[in-house]
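2 protein chains.
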Amino acid sequence: MTGPTNPQALAHKVAAAVGTFEQWSCLRPADRAPALEAIASALEKAAPKLVALADEETSLGQARLHSEMVRTVFQLRLFAKVVTRGEYLGATTDNADPSWPMGPRPDLRRVLEPLGPVVVFAASNFPFAFSVAGGDTASALAAGCSVIVKAHSGHPRLSAATAEVVHNALRSAGAPEGLFDIIFGTEAGRDAIVDPRVKAGAFTGSIEAGRALFDLATGRPEPIPFFGELGSVNPVFVTKAAAERRGPAIASEFVGSFTLGAGQFCTKPGILLVPASAELVDQLHGAVPDKPLTLLNDRIRTSYASALRELRDTAGVHVVVSGDHAATNPAPTVLRTTSAELLSDPQALIREVFGPAALIVEYAEESELLEVAKVIEGQLTASIQGEDDDAIAAELIRLLAAKAGRVLWNQWPTGVSVTYAQQHGGPYPATTAPATTSVGTEAISRFLRPVAYQNVPQHLLPPALRDANPLGIPQRAS
Amino acid sequence: MTGPTNPQALAHKVAAAVGTFEQWSCLRPADRAPALEAIASALEKAAPKLVALADEETSLGQARLHSEMVRTVFQLRLFAKVVTRGEYLGATTDNADPSWPMGPRPDLRRVLEPLGPVVVFAASNFPFAFSVAGGDTASALAAGCSVIVKAHSGHPRLSAATAEVVHNALRSAGAPEGLFDIIFGTEAGRDAIVDPRVKAGAFTGSIEAGRALFDLATGRPEPIPFFGELGSVNPVFVTKAAAERRGPAIASEFVGSFTLGAGQFCTKPGILLVPASAELVDQLHGAVPDKPLTLLNDRIRTSYASALRELRDTAGVHVVVSGDHAATNPAPTVLRTTSAELLSDPQALIREVFGPAALIVEYAEESELLEVAKVIEGQLTASIQGEDDDAIAAELIRLLAAKAGRVLWNQWPTGVSVTYAQQHGGPYPATTAPATTSVGTEAISRFLRPVAYQNVPQHLLPPALRDANPLGIPQRAS
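Sequence lines, in order, name chains A and B. Residues in the first sequence are numbered consecutively from 0, following numbering that gives the first Met the number 0. Residues in the second sequence are numbered consecutively from 0, following numbering that gives the first Met the number 0.
Next comes chain A alone, as it looks inside the complex:
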């Protein structure tokens, strides 16, 4: 069930995804909602079993896994609402206009249509929300695409079990057979992304793996969009006033955020910039629990140990709290350096360490915060702990908005709400597609492309574009 998918099986699954796409993409968007609802309900029903299985394979704990399941079910239902509402289609009509200033304008109508079969690469750290039935799958199905999920090797049995739940739910909802399928193994994933019948890829994971797949997707004879969410250090900038007024709270909240889920979040705050002060470092020291944390799997344990060792051994880096990174279940580690060191070698010091470690960066003058903001690479998030009257705030926000998909003020980046305005993305290497988000309702637009219809008679137009508006969706006209 969870062994590597062989080329014949893959070819069969892709062929099915192509055939099913024909039917699924032609449905009225609202008619895709029941299938999404069915998956949500089936997951809810299977939750006790799935959560137990997930805990066995990931050690993330029942509480966290249960709330992740709530999130996963919620986003399926939210996409059911999105397709029912139909605003995402961007239906736009230009009526024919003989007096259009550049010359007579024909009747032109534009709507977003699904791309085709999509390959979703599941993540290790969110075995529900960014895995088999997670946000990429939900948004691609909602868009009208068929989906092949490449399971993550970190939770194979959960992946197979979740896929089974999804299959049965889709069947019970009358969705076409082959709309959704799952494959296992690195080779099968690579073969899938270069299959000419596949029209897009979505991925959450490391920079290394994501870049390799991006290169395959863009190097094809027919390049396809590849929506990779890769790496981020999610720096947090603490102003002098904030450190002075809320030092202890900031220290303890920061520790809570960077150790959440054993530090295995894409949005883990990996760097905290603070005014140089023995006091704040002491506060941090006191807030870090000397508690062993269980990492997701051996591969992550190994890379955590080696990434942390490298950072710790970098010139100018000192240990504040040593969590024995080589232990099977390491306690959190806190390192420190100065902004002067960081600015002298940003590449060495601004690096993602996936796991429960963080780097404190002490600065002398607040202007150094601006210098650091200028040298960081693309980020999923950048946060400020500040006071409303901080003189530096406006400029710092402006600089960080140029580098990050989400800018936070006095909140912590872990915890990515699924909403209309959410943006989970950012310039490379945070993602390979900075204009898109993988969380929130806008995630659906990754799997769509616009088509304009010129002078097409009403009865031959897609329903979304007809004057009579049979779908009852928001239409714009000019």
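Any given hint could be a false lead.
The list cannot tell twin chains apart, which means a pair is met if one copy fits it or any two copies do.
List time: in silico SDA-like cross-link candidates among lysine to any residue, alpha-carbon distance up to 20 Å [what the hints assert, rightly or not]: (1) Lys-44 with Pro-100; (2) Lys-44 with Glu-163; (3) Lys-80 with Leu-470; (4) Lys-48 with Ser-305; (5) Lys-402 with Glu-376; (6) Lys-373 with Thr-337; (7) Lys-80 with Gln-7.
These aren't lab readings, by the way, just hints derived from the structure by calculation.
Please arrange chain B on chain A, whose structure you already have, making use of the hints.
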């Protein structure tokens, strides 16, 4: 003035584009409108001189060039309206909501922000509308980006003169120095697209050149979006009923469309699928003028001759009208084949020949139209000449919408109106970015990326996201 830009000069121009971006991107969008208006007015004023120069370098003729200038001026003014209106910003607010089903929702606000310096590769065949001050430049400037145009070698003096007009207009409008610049030479263009400070590329031209630049853009250490509009054969499908009722009109309109601008349009209909009938071929024969046409330049003359020769020499292809393709000024050429031949070797027969040539494809059964629709690659446009009660119409439209950015009914693809609903794009090889358009108001979105602000105090939010709505733009809230 028009010699190759050397690396030092390029570095200087990119540095200026970066510096200027800081200022230009921070302007309220509406405050960018006067600069766009200034360019439009300056072009209008310089039109007689520029059109004369364009005619010298491209031989496109005063009438065509004048109407292209009207289009160019119009789209600059349309983008001035777009930025003033501000709907393109997609300003969206999620108010904090403690009862949000997946858990308390923070205050999240999302807006589109400019990408950074953009390199625009000008096209040869539209020396105004897709060149120095064309749609890519207008939409990138409107988005808040700085622009470096790589001039096309086909009209260097016009490029320099247009750049001078743009420069002076921007200066008079008080725009920051270095917001717009021009470079010459293939090397400089390649160097520009791999410069780490450049954040996007836009291109209109051949598949070969576009793919090479796309590969450079996606192969960078930090890959960047590359919006290439490459090649298209723009097939036209004529149903039996339409051929029967409107044969002569279709024949003469088709000839008008494929010979317009000497066949040098991205949207030239290169293939006409017609029911097998000596009559229709006769009608076409009669409609083709035996008139020499002047091509843009020697390079296009050479590639036209060789591409046409190759197609003519392909097995199953016959000459209907021979336009002496090797002549300096060739008359139109019409070839013919059958849908059976075409389906047996689509790659050899469905090929863009840039210039005044077309391939007539005769079919026996209308169902063959569906087969051809299934095998064609991505297209900018696909057109149908049909009757409202054609049984095949709905299925044919559905299949063509999966392959083309724009589907036309009883109109011709040449002539791409600049409007709100326009979609000038399509799956590869029509473009390298099927979710985007290079014509129409939506072209601005290519140069934007979303940023979400979480829990940011009102006075520190971008004006577009403040509750008081100081920009007076459409805001969505939930």
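Tell me, which hint numbers fail for this structure? 4 and 7
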